[in-house]
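Since the structure of chain V is provided, determine the placement of chain H on it from the hints.
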Amino acid sequence: MAGKYTFQYINRRMHLYLGMFCLPWFIMYGISSLAFNHNNLFNNGSGQPGGEWAEVQSWPFKVDIPESGEIPEEATRELIRAAGLEAKAFGAYRAGENKINIYLPNFRKMTQLNYWTTEERLVLLERKKFTQQFIGGLHARGGYQHDSFLDDTWAFVVDVVCVAFLLWVTTGMIMWWRVPAMRGWGTLALVAGILSFGSFMVFL
Amino acid sequence: MIRKIHLLLGMFLTPWVVMYALSTMVMQHRELVYGQKQRINPEFKVVREEPYQASFKTGDDREAVALQILKDLDLEGAHSVRGNLEQGKLEINRNRAIGSYRITWEAGSDTVKVEQQEFGLAFFLEILHRRSKFNQPYWMNDAWAVIVDLFIVAVLGWAFTGLWMWWGMKSTRKLGGVVMAGGILLFTYLVMTI
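In the order they appear, the protein sequences are chains V and H. Counting in the working numbering, the first sequence runs without a single skipped number right up to 1104 at its last residue. Counting in the working numbering, the second sequence runs without a single skipped number right up to 197 at its last residue.
The shape of chain V in the complex, shown without the other chains (with noise of 0.2 Å):
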């Protein structure tokens, strides 16, 4: 039985339960990419996701927020508290001169508030079509800026899907240098791929 565990066991078990793990990571990030790469067939042709965003509530509203440079975060929690919404995951930029976008990445629902800093007056906005929006958001959605716990543990799967990418490459090329078969497609199916890759990095 202890003979079982050799390093070659452990390789193709390695190389097979992380994909099964990561199984809906993987077509999620597949199907999304095609969203990206041909956003011209969606909406219209326009490229834009989602569709529009409309209106659905405003109000005056001042809160203190600097000519420039980053907005601060508890600024954008008054924001977000005013307009009567909880939300743990959230970011805001400057969407122009006088305007604050915050962002509320949610995958069931799409909003957004908007600031007029001159004006001093908060726009809650809704998108209803957001089809593409969601497969964007599942494919763009990351990082650990969010006070979240489970906003974190997507964060920690999609460094765990980007750990099993590395280890797909290393686990996978173990396997086929066994196969002495495979040994000279393999070979020259890797140099093309580097060569492609690079030609594309002097000449893009």
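In case anyone wonders, no lab produced these hints; they're calculated from the structure. Careful, some of the hints might be misleading.
As the list claims (entries may be wrong) - Part of the chain V face toward chain H, derived, beta carbon under 7 Å:
hint	residue
1	903
2	905
3	1007
4	1062
5	1076
6	1084
7	1093
8	1097
Unchecked claim - Label-pair distances were calculated between CB atoms; the ranges are:
hint	chain 1	residue 1	chain 2	residue 2	range
9	H	60	V	931	45 to 51 Å
10	H	188	V	1019	28 to 34 Å
11	V	982	H	101	41 to 47 Å
12	H	61	V	1009	43 to 49 Å
13	V	974	H	37	22 to 28 Å
Unchecked claim - Reference listing, derived: stretches of chain V covered by chain H, where coverage requires no fewer than 3 residues with Cβ under 8 Å from a Cβ of chain H:
hint	segment
14	927–939
15	953–967
16	1042–1054
Yeah, the Cβ is synthetic: ideal placement off N, Cα and C, and Gly gets one too.
Just chain H, lined up with the frame of chain V:
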């Protein structure tokens, strides 16, 4: 045959697999990589200022003008344009994988300024990750987009050929099934809750 396809696709696409894995990690850990939340774009440095005589007029198509300037400078390739002829200034970003160029043309000036972006590994990986689409009139750009499509097909192909091979090995069916079910449950739970 399935094993061979699974293997050879993997061998050919190895550079892309490594690039997508490393670039995703960079984007996930920007604070660690750049020391701040946002990506840091490397600086552009002037590489040359060339004499350039052109008779562009207000009302000319800026895209056609940009193409002409790139052709004259022997820098044709994927690009984007900012500014317009009415303002008397065009800024052309010639987007390359390594060392993009920024070309500035100004009406009334008899030179064009060519700047090149310095290399930054993290920035390079992020830009490569985002590079896709058939949106430029250049075959090299389309060829990259074709490879991206091939990568997508390969990813889905690896998933399904992997499942096929797993099902063929009776000894791994049970544990493989449990591991796969764990992944599916976690994925579904996260999509339904965050």
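Results for each hint:
1. 903: Violated, about 15 Å.
2. 905: Check failed: Cβ of residue 905 of chain V comes no nearer than 13 Å to chain H, outside 7 Å.
3. 1007: Hint on residue 1007 of chain V: holds, closest Cβ of chain H at ~5 Å, below 7 Å.
4. 1062: Where the cut-off is 7 Å and the nearest Cβ of chain H is about 4 Å from residue 1062 of chain V, the hint holds.
5. 1076: Because about 6 Å separates residue 1076 of chain V from the closest Cβ in chain H, which is inside the 7 Å limit, the hint holds.
6. 1084: Hint violated; residue 1084 of chain V Cβ to chain H Cβ min 11 Å, cut 7 Å.
7. 1093: holds (4 Å)
8. 1097: holds (4 Å)
9. H:60 x V:931: 45 to 51 Å: Holds, at about 47 Å.
10. H:188 x V:1019: 28 to 34 Å: At 47 Å between Cβs, range violated.
11. V:982 x H:101: 41 to 47 Å: Since the Cβ atoms of residue 982 of chain V and residue 101 of chain H sit about 46 Å apart, the hinted range of 41 to 47 Å holds.
12. H:61 x V:1009: 43 to 49 Å: About 47 Å separates the Cβ atoms of residue 61 of chain H and residue 1009 of chain V, which means 43 to 49 Å holds.
13. V:974 x H:37: 22 to 28 Å: Cβ of residue 974 of chain V to Cβ of residue 37 of chain H: about 23 Å, so the range 22 to 28 Å holds.
14. 927–939: Since three or more residues must qualify, the claim that chain H covers the segment 927–939 of chain V holds, with 11 doing so at under 8 Å.
15. 953–967: This one is violated; 0 residues, fewer than the three required, reach chain H with a Cβ under 8 Å.
16. 1042–1054: holds (count 9)
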